[in-house]
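These are the residues of each chain, in order.
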Amino acid sequence: MPVVYSAQRGAADAVLRAEGLVFSYKPREGELPPRVLDGVDLSVWRGQLVAVLGHNGSGKSTLARHFNALLAPVCGRVLVDGMDTSDEKLTLDIRRHVGMVFQNPDNQIVASVVEEDVAFAPENLGYPSDEIRARVDGALRTVGMYEYAKHAPHLLSGGQKQRVAIAGVLAMEPKCVVFDEPTAMLDPRGRESVVNIIRSLCDDLGVTVVLITHHMEEAILADRIVVMSEGRVVMDGRPREIFTQPDALQGYGLGVPETVSLLRGLREDGFDVPLGALTADECADAIMTAVGGAVLSGCENGDVAD
Amino acid sequence: MLKDITLGQYFPDDTVVHRLDPRTKLVLTLVFIAALFVARGIVSYALMLAALVCCIAASRVGARALLKSIRPIIAVIAVTAALNVFFTRGTPIVRLWAITITREGLIGAAYMVTRLVMLISGTFLLTYTTSPISLTDGIESLLAPLKRIKLPVHEFAMMMSIALRFIPTLIEETDKIMSAQKARGADFETGSLIRRARALLPILIPLFISAFRRADELATAMESRCYHGGEGRTRMKKLAMSPGDYISLVCGAALALAVVLTNMAAP
Amino acid sequence: MAPVIKTEKITHIYSAGTVFEHTALSDVSFEALRGEYIGIIGHTGSGKSTFIQTLNGLIRPTSGTVFFDGTDIRQSKERTRDIRFKVGLVFQYPEYQLFEETVFNDIAFGPKNMGLNAHEVAERVREAAGFVGLREDDLEKSPFELSGGLRRRAAIAGVIAMRPEVLIADEPTAGLDPAGSSEIIANIGAYRRSTGATIIIVTHSMEEIAQNADRVTVFDGGRIVMDAPPAAAFSRSDELSAMGLGVPAATAIANRLRARGLPIAGGIITADGLRAALRELRRGAGSA
Chain A
335 MPVVYSAQRG AADAVLRAEG LVFSYKPREG ELPPRVLDGV DLSVWRGQLV
385 AVLGHNGSGK STLARHFNAL LAPVCGRVLV DGMDTSDEKL TLDIRRHVGM
435 VFQNPDNQIV ASVVEEDVAF APENLGYPSD EIRARVDGAL RTVGMYEYAK
485 HAPHLLSGGQ KQRVAIAGVL AMEPKCVVFD EPTAMLDPRG RESVVNIIRS
535 LCDDLGVTVV LITHHMEEAI LADRIVVMSE GRVVMDGRPR EIFTQPDALQ
585 GYGLGVPETV SLLRGLREDG FDVPLGALTA DECADAIMTA VGGAVLSGCE
635 NGDVAD
Chain B
-6 MLKDITLGQY FPDDTVVHRL DPRTKLVLTL VFIAALFVAR GIVSYALMLA
44 ALVCCIAASR VGARALLKSI RPIIAVIAVT AALNVFFTRG TPIVRLWAIT
94 ITREGLIGAA YMVTRLVMLI SGTFLLTYTT SPISLTDGIE SLLAPLKRIK
144 LPVHEFAMMM SIALRFIPTL IEETDKIMSA QKARGADFET GSLIRRARAL
194 LPILIPLFIS AFRRADELAT AMESRCYHGG EGRTRMKKLA MSPGDYISLV
244 CGAALALAVV LTNMAAP
Chain C
54 MAPVIKTEKI THIYSAGTVF EHTALSDVSF EALRGEYIGI IGHTGSGKST
104 FIQTLNGLIR PTSGTVFFDG TDIRQSKERT RDIRFKVGLV FQYPEYQLFE
154 ETVFNDIAFG PKNMGLNAHE VAERVREAAG FVGLREDDLE KSPFELSGGL
204 RRRAAIAGVI AMRPEVLIAD EPTAGLDPAG SSEIIANIGA YRRSTGATII
254 IVTHSMEEIA QNADRVTVFD GGRIVMDAPP AAAFSRSDEL SAMGLGVPAA
304 TAIANRLRAR GLPIAGGIIT ADGLRAALRE LRRGAGSA
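Residue numbers (my numbering), protein chains in the order written: chain A, 335 to 640; chain B, -6 to 260; chain C, 54 to 341.
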């Protein structure tokens, strides 16, 4: 298993770092504690968008909770910007640096007015009122929900609620945001808007992003993909490197993007196409390069013969 | 459908009454209720009624909405009135078999009905013109001195505001669970009372489980957003008293004083 | 062939006469044949959720009629109730509606409400459990001991146990991982093959429709704006994207290839279809 990037970067560049992380929930009497995380070593570098893939129960959400000090390791340690998450004195500092957005938009909105909800975290951190106001307005603008500041959250669509939840985290001005399946309960429109915001957080604001998902199409947009299975990191690389191993992915209970499965089929058919064309455009280009020329010239010949 | 019930009693608007600090409105409402209970005689009542009508007019809530709020307890008002009419001793006006209606009875009933209607309109005016959030903030701020004797004032206010936030969500959920069980042939409308109560289990159990799951997820989300109780917590919108608030409070005090004075003047 | 279920100009208005008045469906006429597999698509608020609830009588449309086997489902009170069992409806996230102590009892809820005796109920439960791949020992567990995907399947079994002639499911794979999703789709397919039931699935997955559906019905603004076999519907990708809906990846790639000058026929909706088309082209080029 290749661990990408680690060679070029020093440990100081890691915003999040798990070292030999082992975790298990309290077992029932007489049972051996099942290890939800079974020795995870992972560093997330500043400014990266890392997608974490894995089937249900692979441990990916449990890992996410460690980055926010919601869970503490049984063995090993987790460092956030160098701070050990097991140190309770640092908990607030850690949570301010690493925001977290959860799956169900309904269950993370605290207040009955959008702007009050976005203000929740900075209020908890004890900022003065005008500072909170500025952060709330800024965060709402970033996610494109400023016009909804006075609305009641329960009347918004799923995608809009999730954007409010993102604004609520951005109001802390975190260095890193961990998204735990943020689009699982959204329709395609909501999903698209949320994914676009996630990408722009990384590109425009320089926020480090960990995106836990099982949508392969979302993972394509990441800078790096980490695949988890049985509580371990089993694959780690650029999207192109990961998705060109469809058999390995299927072995871990995951699919591949539709483009890759098409290209794989075409290779079986004897076409000389690469596997790593992930978007529809790249895929069409790859097919054109491999078959287009021959077919087009063939057609022209046919026309002449007529 | 359950969704049609209007639970948030708040009518958003931007009037003098809406803009008042919630603490002012809470205090004024309490003063008003207290004054209602001590008020005696036509002059006191007229003063109170005039004050209430002015507030209602300034709030643009509309008499119809307020009267609607009285509808559910119309029976209570009627019974109270009847008791007054039939069971007050005094100068008889009408005699019908065993029933005697007295002058004092009629007057007492009129006072009682006016008092109840004013009491309800007054309190509803508060909830109609104050958003649940600022109401909660107001209560928390007014009760703040109790924190010194270790009463969980902040926790209480937080619980109230979360409850307000989740009421619509849970109503929607109840609706959905009900439809889903109906789709499997559940019948909530026929049968004996016990049967019907039992028929509610398929709704109540999933609803409770879901409420607990939501509570759990919400607690995690709040924790991850640095919630650690009321200590060191600031607010984006600070409650601030404006000159209007002080003027209103002075008016309220004047009204109370006037009621007490007219009471003393009255026989 | 006569349709098993049919709606005639149904219109539904929520909170009529108040400020919240909202027309969810207007003039929707629709037919489903016995054994047909229909995919319903449309973005949130397009009326599709209201529509499927009119089909089993949970929502009574403001105007218009719903027919089952040629008769009005509102003909009598008994018939309206009976329709609930004939037109099975699986709601979104159905695992949140489980309530009994054991999986067995939960699946038995529908058959019991039908008035079947204990023996028949047990038979229905075992049969339904078989369709969704629940093992015998799962039946005695509490629903809350099951994994997320299995819990969802137990909830679907609760509807299948009524042996509905029409099985409707609202986004049955929402929130599941790829493996869990394909199992659910396979379960529903198995039920259809063995009973000949009509399947109506609301979904956001165009791939799912391309692979399984005989027909796709598109809702937009409370109306049916398209009702055609998937190949025909997905060939109108511009109209679909104007409604915020997509097409299967294979269709999108085929469209791009055509735009780049490759003579690919229309109506491609699956990867297999696109592969076949490309092989065909190669053969043509080779023989020329």
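Honestly, the hints are just simulated from the structure, not real lab data.
For clarity, every value in this text was computed on a predicted model and none was experimentally measured.
Among the hints, erroneous ones may be present.
Okay, the calculated bits of chain A under chain B, using three or more residues with CB under 8 Å as the criterion [claimed, not checked]:
#1 348 to 360
#2 549 to 556
#3 566 to 577
Ranges between beta-carbon positions, derived for each pair [unchecked claim]:
#4 A:PRO462 / B:ARG57: 39 to 45 Å
#5 A:LYS360 / B:GLU210: 39 to 45 Å
#6 B:ILE164 / C:ASP291: 51 to 57 Å
#7 A:SER420 / B:VAL243: 54 to 60 Å
#8 B:ILE63 / C:ARG179: 53 to 59 Å
#9 C:GLY98 / B:GLU210: 24 to 30 Å
#10 A:ALA486 / B:GLU210: 17 to 23 Å
#11 C:GLY98 / B:HIS147: 34 to 40 Å
#12 B:VAL36 / C:GLY98: 54 to 60 Å
So these bits of chain B aren't anywhere near chain C, every CB distance computed over 12 Å [said to hold, decoys possible]:
#13 LEU23
#14 ILE63
#15 LEU109
#16 ALA173
#17 LEU197
#18 ILE198
#19 PRO199
#20 LEU200
#21 PHE201
#22 TYR220
#23 GLY225
#24 VAL253
Each residue gets a CB set at the ideal place from its N, CA and C atoms; glycine is no exception.
Right, here's what the structure says about each hint:
1. Figure legend: the region 348 to 360 of chain A, annotated as covered by chain B; annotation inconsistent (0 residues with Cβ-Cβ distances under 8 Å, at least 3 required).
2. A count of 0 residues in the region 549 to 556 of chain A with a Cβ less than 8 Å from any Cβ of chain B is obtained; the coverage claim is therefore unmet, three being the minimum.
3. For the region 566 to 577 of chain A, the stated coverage by chain B is violated: 0 residues have a C-beta nearer than 8 Å to a C-beta of that chain, whereas at least 3 were required.
4. In this structure, PRO462 of chain A and ARG57 of chain B meet the distance hint of 39 to 45 Å, their C-beta atoms being roughly 44 Å apart.
5. The hint said 39 to 45 Å for the Cβ distance between LYS360 of chain A and GLU210 of chain B, and at roughly 19 Å that hint is violated.
6. Evaluation of the 51 to 57 Å hint for ILE164 of chain B and ASP291 of chain C yields a failure: the beta carbon distance comes to about 40 Å.
7. A hinted range of 54 to 60 Å holds for the C-beta pair SER420 of chain A and VAL243 of chain B, which are about 58 Å apart.
8. At about 58 Å, the CB distance of ILE63 of chain B to ARG179 of chain C agrees with the hint of 53 to 59 Å.
9. The beta-carbon spacing between GLY98 of chain C and GLU210 of chain B, approximately 25 Å, falls within the hinted interval of 24 to 30 Å.
10. Taken as a hint, the range 17 to 23 Å holds for the pair ALA486 of chain A and GLU210 of chain B, whose Cβ atoms sit roughly 20 Å apart.
11. Between GLY98 of chain C and HIS147 of chain B the beta carbon distance is about 39 Å. The supplied range of 34 to 40 Å therefore holds.
12. Against the hinted window of 54 to 60 Å, the Cβ-Cβ separation of VAL36 of chain B and GLY98 of chain C comes to about 58 Å, which satisfies the hint.
13. Every C-beta of chain C lies more than 12 Å from that of LEU23 of chain B, the closest at about 33 Å, which supports listing it as non-interface.
14. ILE63 of chain B, annotated as away from the interface, keeps every beta carbon of chain C farther than 12 Å; the closest lies near 21 Å.
15. Separation of LEU109 of chain B from chain C is adequate, the least Cβ-Cβ distance of about 29 Å exceeding the 12 Å criterion.
16. Against the 12 Å criterion, ALA173 of chain B falls within the reach of chain C, whose nearest CB is about 4 Å from its own CB.
17. With 12 Å as the threshold on Cβ separation, the claim that LEU197 of chain B sits away from chain C is violated: the shortest Cβ distance comes to roughly 8 Å.
18. A cut-off of 12 Å between C-beta atoms contradicts the statement that ILE198 of chain B is not in contact with chain C; the least separation is 4 Å.
19. A cut-off of 12 Å between C-beta atoms contradicts the statement that PRO199 of chain B is not in contact with chain C; the least separation is 5 Å.
20. Here LEU200 of chain B does not stay apart from chain C, with its beta-carbon only about 9 Å from theirs, under the 12 Å limit.
21. With a closest Cβ-Cβ approach of about 9 Å to chain C, PHE201 of chain B is found to fall inside the 12 Å limit, against its non-interface label.
22. A cut-off of 12 Å between C-beta atoms confirms that TYR220 of chain B is not in contact with chain C; the least separation is 26 Å.
23. GLY225 of chain B, annotated as away from the interface, keeps every beta carbon of chain C farther than 12 Å; the closest lies near 37 Å.
24. Non-interface call for VAL253 of chain B relative to chain C: holds, since the shortest CB-CB distance, roughly 44 Å, exceeds 12 Å.
Hint check: violations occur at hints 1, 2, 3, 5, 6, 16, 17, 18, 19, 20, 21; the rest are consistent with the structure.
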